[in-house]
Amino acid sequence: MKSEEFELISRCQQGDQEALKEIFNLYHQKVYRIAYGVVRQREDALDIVQEVFIKLYRSIKNFKGKSSFYTYLYRMTLNQAIDYSRKAKKSLFSRPTWEKEPEPVDEETQRPDSQAAQKQFEERVQKAMEKLSEDQRGALILREIEGLSYHEIAEVMECSLGTVMSRIHYGRKRLRELLKDEWKG
Amino acid sequence: MRKDCSSLSTLLDKYFDGETSQREQEAVEAHLKQCPACQERLKFMSEIKGAFRRPLLETLEKETFPWLWEKIEREIRFKPRETLWESIKGWFKITPFLKRRIWIPATVVATLLILLIFPTLFKKNSSHLPLPVVEYIESKTNNVMIYELDNGKITVIWLFEESEAESSPS
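In order, the protein sequences belong to chains G and F.
Under the working numbering, the first sequence has 29 at position 29, and the numbering climbs by one with no breaks.
Under the working numbering, the second sequence has 223 at position 38, and the numbering climbs by one with no breaks.
Chain F stretches covered by chain G per the calculated footprint, using a threshold of three residues with CB under 8 Å from any CB of chain G:
#1 199-210
#2 236-248
#3 251-259
Since the hints were made in silico from the structure, they are not lab data.
Remember, predicted model here, so these are calculated numbers, not experimental data.
Using N, Cα and C, we set each Cβ at its ideal position, and we do this for glycine too.
Could you put together the complete structure from these sequences and hints?
Here it is in structure tokens:
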């Protein structure tokens, strides 16, 4: 851990709000990326960022320095975003019907050749991602969005390297099955 | 898909993520040269990754995080203040990082203290050893012994009482 970061964390642990602001400036974009990767809604992702930093301020005394600070923060973000996503899924049933499912995809525009088709493909990928298990989705988000190594993902998700590989492999396999119309392999 | 594709299935993910060893990389690349199905699969993995990342990067470019810090600051201002006991504990508290840092020197100091104290304890035990006798006088009615201590000398006198048999006239 860098000495500046160590000092920031120590100050934050003593209740220094300015130190938290500096940590916020350093990490809020990364936290937003993970949150957005899970919930895919700007407003929801911003809410999660806010909750993560408030939670961080209140629980940073529990940070023992056993892992890197960013893995601690990523873990907190991923858990917070998944919790948020679970609650949102529960409330989905109370939403108006037009918000529940997107319009069916036009077969002729399925390949991502045009811009509109690309948007549709992105939506389909997102829908498919939602069908993965939370662990598979979490591992893929950390890999594809944050570009973390398998070792770092294992640290964030508190699991073995083999489990990370398995989650990524089966997650991608499931995505291929869900998007098989697009994939001609 | 060829027969050996399934055996390379996990390796292909590792290859895509840049996590393969040199040997694994060579094996995957040799396979890819002759397997269009795996080439297609790799291309599709890349398309999915792009489709997953693109919207996020677009939204992040436009994002200004309006009032986000202000909202957080407002929220943490309402954090309940520390109790008296917590603040007292705070005076003695060493952060986990510092605890880790002082662990090694603390062990060294403790070992040195033990090494210093142990001989002293051993010396104390030596006071139980037999005292050196300076002088010894023996007579029929008593014995006298003079011992030497750290802080001076001590004289011990034994007096012998005559037994009735010895004292009675024979």
